[in-house]
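If you're matching them up, the sequences are chains A and B in order.
Take the first sequence: its letter number 115 is residue 123 in this note's numbering, and every next letter is one higher.
Take the second sequence: its letter number 83 is residue 86 in this note's numbering, and every next letter is one higher.
The set of hints was computed from the structure by calculation and includes no laboratory data.
One should not assume that every hint holds.
[Said to hold, decoys possible] Short, incomplete list of chain B residues facing chain A, as computed with Cβ under 7 angstroms:
hint, residue
1, K92
2, I133
3, R135
For glycine and all other residues, C-beta sits at the position ideal for the given N, C-alpha and C.
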Amino acid sequence: MSTIGSDLPRRDAEDKLRGRTRFAVDRQRHGTLHAAIRRADRAAARIVRIDVTAARSMAGVHAVVSAADAPGRYGIGVADHPLFADGVIRYHGEPLVAVAAETLAQAEAAAAAVVVQTEPLPANLTMDQSLAEGAREIHPDWARYEELVEGGTRAGNIAWEATVVRGDTAAAFARDDVVVVENCFRAGRQNQAPLEPRACTAWLEHDRLVLESSTQNPWAVRNGTARLLGMRPSDVRVIVPPVGGGFGMKFEVSIEPIAAVLARTADRPVKLVLSRPEEMRLALFRENADIWLRSAVTRDGEIVAREAVVLMDCGAYGGEQPFLTTMTAHTLGGNYRLGAVRMISRAVYTNTAPTGAFRACNGTYNTFALERHTDDVCTAIGMDREEFRRRAVLRDGDIGATGQVFEGDVLGPMLDRMRELRGIEPRRPRPGELYGRATVVGTWFIFVGPAAATVNVNPDGTATLVTAGVEIGSGSTMQAIPQLVAESLGIHPRDVVVREADTDAAGFDLGVGGGRTTVSLGAASIAACDDAKAKIAKVAADLLEAAPEDIVIGPGAISVAGVPSRSITLAQVAAHAQTTTGPISGSGSFTGRGTPSMPGCAAGHMIDAIDIPVFAVHDCELAVDPDTGQVRVLAYRVVQDVGRAINPRAIRGQIQGGVVQGLGYALHETVTFDEAGQVAQSGFETYRVPLAGDTVPVDIALFEGAPSLGPLGVKGAGEIPILNVAAAVACAVAEATGRQVDQIPLTPPWVLTLLDGTDQLRHRHITRDWRANVLTPPELLEAAAGIRPCPIPR
Amino acid sequence: MLTVNGAARLVDAPPMTSLASVLRENLALTGTKLVCGEGFCGACLVELDGEAVPACLVPVGLVEGHDVRTIEAVTPRGEPLGAVQRALKDSDAVQCGMCFPGMTISLTAMLRANPDPTADDVRDHLSGNICRCTGYARIVESALAAAAALREIRGPRDRANGAPRDQASRTPRDRASRAPRGPVS
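Isolated chain B, as found in the complex (with noise of 0.2 angstroms):
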């Protein structure tokens, strides 16, 4: 039994058959993108109890209990965009579109950790997710924008303190796991 974007589901497959997987073959959530299966391109990222994690390496085994959140649950259908994908939607940074779904978690996950990245961090950080087809500047354009929307919606007390709040994304959802989360390594 696993929890995956709110909702329980049990799955009928072998312990170590990887996340990825199952989620795409058995749940039919194919945003999940498997891509290189070794934890080297990021576009199979979900969040695993809050934390970003490359599904292509997890055994479906060991997440039994806990909570898997995928892109299609980031922003759910009908809600609006999240501000990594409204940033990379006006940036007009898609093209192919494979690695972005993870791109979107990546970022997310990183922009929670830390608020008000440099250029040279989201680089830094993205050092995990694999585009083919963009040369990653508008990616990066698009989480520092991102993360200056982000500051905005807080609003001046936390910019004057400085302090990273976790409040940052705006689905309840995103409340509702505040563990601190780190970048994927």
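Excised from the complex, chain A in its bound form (with noise of 0.2 angstroms):
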């Protein structure tokens, strides 16, 4: 029987269950000392003065480190970040010194016992204020950073600009045939809040730096940390014990560093766990975000332009956020036919906590800000709402926003699967509540990356599993990848034992993050097998007396092709190796085929076209209690193109999962500031994650069968769950209250004040002419597109 579509139970469920599984905050080393950080109280000063003498001289404090103590500067596109504060304080928060002693208490009492004396600076806490005229720049020093990625365009408050341009825009919207709609959209910070801190144990083995730590991506973590301590990147091993939760804000290395410098100095190992209180005013939140969006759309509902401009928050520093710039091209350019367009996606420095990923990054607020506008297109050109997003959606042989081409038709088959899905009778509200339906469409981009996988088959006839893969609930490592190694060796997957990821052991990954694990780890891992099977086959071909090319690997048996009766197992075989070729392993890997774009059309971008396309359907209905403004939602229905559903039932947990959690960023879960630059919300009681009273049980269909370069036909299922939740819950609640609505999440407090009437924002930071807002001069992006005319596709 094929393990392949069944619905297979999670290995590490029994010890989750009964209290046995011993996350990394869970572990603890013989001597360890633990450690503290003591963190700047402003938004934004110059340092005067830090004197850590009174500290360094306390009960228990084996170790004390500063900004000395790790000079050097980390990030991804641009090295901005300082592990400790390097003179100028650039959020509240921001690490100062950092204390390693006997207990918590003692650790927490020296850091509280560090001098610090600072004179405040203007902050500029809004990206209003940052990018005001003469607004004050964060990094007056930003032209002389290290710059890790070649092609982003950057200056002042700008860490990061990425354009794309195709067509002739201008051209276009100056049709005498179009309408012309324009949109302002604002999304808040949403705080990853994985119930599992950041948590580190650091120690030194053979002079070798040893991390221990609550991470999504062993290798970040490694490269990392290797470069603050100026170490070689061998010599930093990771290792991963489950992870309680990431959800994106385990994607880089973090904490690992600090307590790397501890244990170096204190030559102990050194525990770091941050509070609940850092891990709700300190998340590597999802940026706050202000969009702008203009379309030139004819009356049968053609999408002649469109020009859009994304500001995303990315705090005090860069981070994962010039990367994240390129998704815009792809949520917001890669749902619907656009005959030409130009797009600027920019991360944008401020005085506050730095962001960056959290699941369907940048594509949560693009795909609510772009089905809102949708909406209101279909509104001015006075078409069924349904009706135009089946004519306008993506077809095969359509391009994206940089011109790489679509292949099938997927979202509008899923479109018409979600209507069968909606049966006909709405759900009724309560007397007096205002109801409101929609149903939007989202697309996420899988950046598959490379990975590598080991197979080693065992003398028992099981297989043990090495890769970087990390589980942190999402059941890629523990569930997918297990059942994809057991289909192809033909044994159960219980019989593959799945090593927890360790650098010295696996290969190279890029991380579990963005839905890449199952395909990429999986493909990698299917890859080692098929190296494993072609010794197997030889070993088997010896014992069988036959040749290796007709030796058949399937369920629980070896046989000769024709003879089913001529046959052993896999036991037999590796046991027989042992004595004659030497134990059988396999080793695989895989990257991506590099999908090709329009030459020219994209400019920053680290890929300017991603590999697999992901489509969901979301469909809402919802009541709206006008008295006090609280939105209840009544049915939710989520059609998901997955390729091919490995487990489905593991599928349909992530999406359920992935649905709460975007009702939490539509509805409720508020991150603001207080006038010091201070995160206000510091635990679960002013931060509202949806609880099981909030929620709905969601309606799904897995749609199987899209095209995809995964094995087997796999797609990533657990990111893209929460892409489309805010846009249906937006459009949903304009439809019940008749109100333009631009701004997320939808408070009761806020939803009062729509019903109020309230008037439609407007950013003025982004100017209404696009070419305006670009830091590049626009000619140049223009004639790099060949416009006119643009080049066709290679």
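Fit chain to chain and form the complex, with the hints in mind.
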């Protein structure tokens, strides 16, 4: 029986239920010291003096470290981020000093005893302030920072700018047969809030550094820590226990170098765990964003031109945002056929805590903006919303914003599937409530990236899978990939032993995120199995007295083609190999094929086209209470493009979880700053994550068969469920209230404000002339894009 | 001196130290998860004299002489999973796993007080248990499935008179503590 497509249980569930799973936060080595961080209490200041004399002499203290102990800067696009504030404080909560002591209480007491004297600077707490004429530069030395990736345009408070120019947008807007629709949108921050906080224990072993960390990306932690500590990357070993939730927050190096510097200084193991208030105030939030969209559309529903400006608040340091600016081209430009398009996506520095990856990064707010805009377009041209989408979504052979060619008709048939799922009878609101419903589309792109895997075939008939894949809860590493390996080797998934991620044991991997895990690590694992199977066939051929090419490796047995009675087991082959060829193992690797885009259309993008598009159609019915502003979800439905479902039940679990996380984003998860620039929400009392009573069971249809280069046609399924939720909710609230819904979250007070009537959002820091928003002279971008005409894709 | 999972334990900690911290740091019982430290998330629930309480809010000085039971003892090693755990496992509810020890203790306590809950009863009860991964639907379904399984075990006589009985759980320790239990507030 094939294991592919069956609802196999999770191997790690029982330990997790019995409380036996030991996450990084639960582990303790002998002689471990505990660490605390002294943080900045202003959003912007010059550091006059930091005196650690008293702290150093306090009971139990073994190490006190600050900027001088870890010079250098790190980042993704630009190395702009020091480990500790170096002369200047750029956000409230920025680390100044770290202490390691015998007990956590001693470390906290010593951190509090550090004398810090600062001189305040004017803080830019909003992108509006950072982009204002004459605004203070948060990084006056920006031009001198090392660029880690070429091709980005940046200046002053603009950490990174990515642009797309395809076709003659100006000419299209000037046509006399089009309707022009223009909107501004704003989306708030969202805290990933995994239940396991960031936690790391660091120690030295034979002059090498070992980090046991709660991370999604062991190789990024290894390389980032080595860079900051001036070590050879291979001298840093990262091992990763089960991770108690990540959602993107643990995708980049974060607290690990601080633990490492302390361990090196103290010459003892050091454990650093962030407190819940630290996690709530300094999470690597999903960035708040300001968006402007303008479209020229014919009465027939043809989008002849679209312009977009997307401002992403990266906080005090760029972090992952220079990379994430890339996503706008795909999340805004990969859903609908666009005649001509120009887009700007900018990461903007502010004096706030840095932001970064969060499940369907960038896509959640761009999909919200795009779908609300689309509904306004429909109103403007007088076309039914579903009819418009049916006509305008990408079809086989259409091109995306950067000229990438799409294969297959996917969104159209998915809209048909949603119509079936929805049925005819709408849910009923309570008397007095306002009813709204919306169906929205969304597009996500998987950047597959490189991955490596090793499979050891054991003489007892099992196989050990070694990868840098981390189990963050999604089930990719502990559920889907072992299923793929089991299928390939003809053994039961329980006979696949999964090695915990360890950079000393496994080859490079880009990290667990973006929907790439099952695709990339899965493909590498299957390649490793193929390598092993070639060896298995040789040994089996020897045992069965047949030619290797006649050997069939089937479920539970290895036999000679056409003679099923002549068969042996994998255990027999592996045991025989031990004494003849040597033990059997296979290695495999995988990376994206590099999908072509139109030359010259995209600038500042780290990826011009992405290998695997993933589509989703969501439908939401809701009721708005006009007296309280409360939004109640009545029904929620999802049709999700999964390529091929390896474990359908596990995917449904991901969809339910992602939708509920999206409901929190759309309706109540709110991040605000007090006047000092500190995040006001310090715990679950004030930061309202969804509770059981807020949720509805989601009706789900998995859409299989869309083209994918993933193994067996699989696509990542865990990233995308959150993508369309804010869009669906906002469009439904707009229908229910008849108001212009241009901001999320739609908290009860905000919904009441909408009902009372409020002005439409206008961004002062976005100019309505697209060309005036861009750093590079627009003529250069237009020349590079070959306007006019734009080159035909090759 | 406290009684933890049936054994007397001598703990050297200041009396205001939270029970959660003592369990994790002094007794290596890390199945009790410390997530919010404010009593909102339910990850650190333990049974104190048979009642589910957030261990992060209980000073260890107040539990002297009381009976503490952690997730490690809800189903001791070697014994089959309890009804709630079984249902959570069978429905593939578990994702990252951080909330599930607390979920198990919370739902087990709820089913003792209310053996025949509705889905709304379960959702209301879970207001003190945060899960960031699953979106709760399978947890609610699992609680209802566990309730049905437990009613089945108790047999038709109980169902006929409808009286809540607390022999619902199968382990000897469950039967040992018979105080009425309410939901976590």
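Hints, one by one, checked against the model:
A hinted interface residue such as K92/B counts as satisfied when its beta carbon comes closer than 7 angstroms to some beta carbon of chain A; here the least separation is about 5 angstroms, so the hint holds. Interface hint status for I133/B: upheld, as the beta-carbon distance to the closest one in chain A is roughly 6 angstroms, under 7 angstroms. The interface hint given for R135/B is met, as the beta carbon of that residue sits about 5 angstroms from the closest beta carbon of chain A, less than 7 angstroms.
The earlier numbered hints are all upheld by this structure, with none contradicted.
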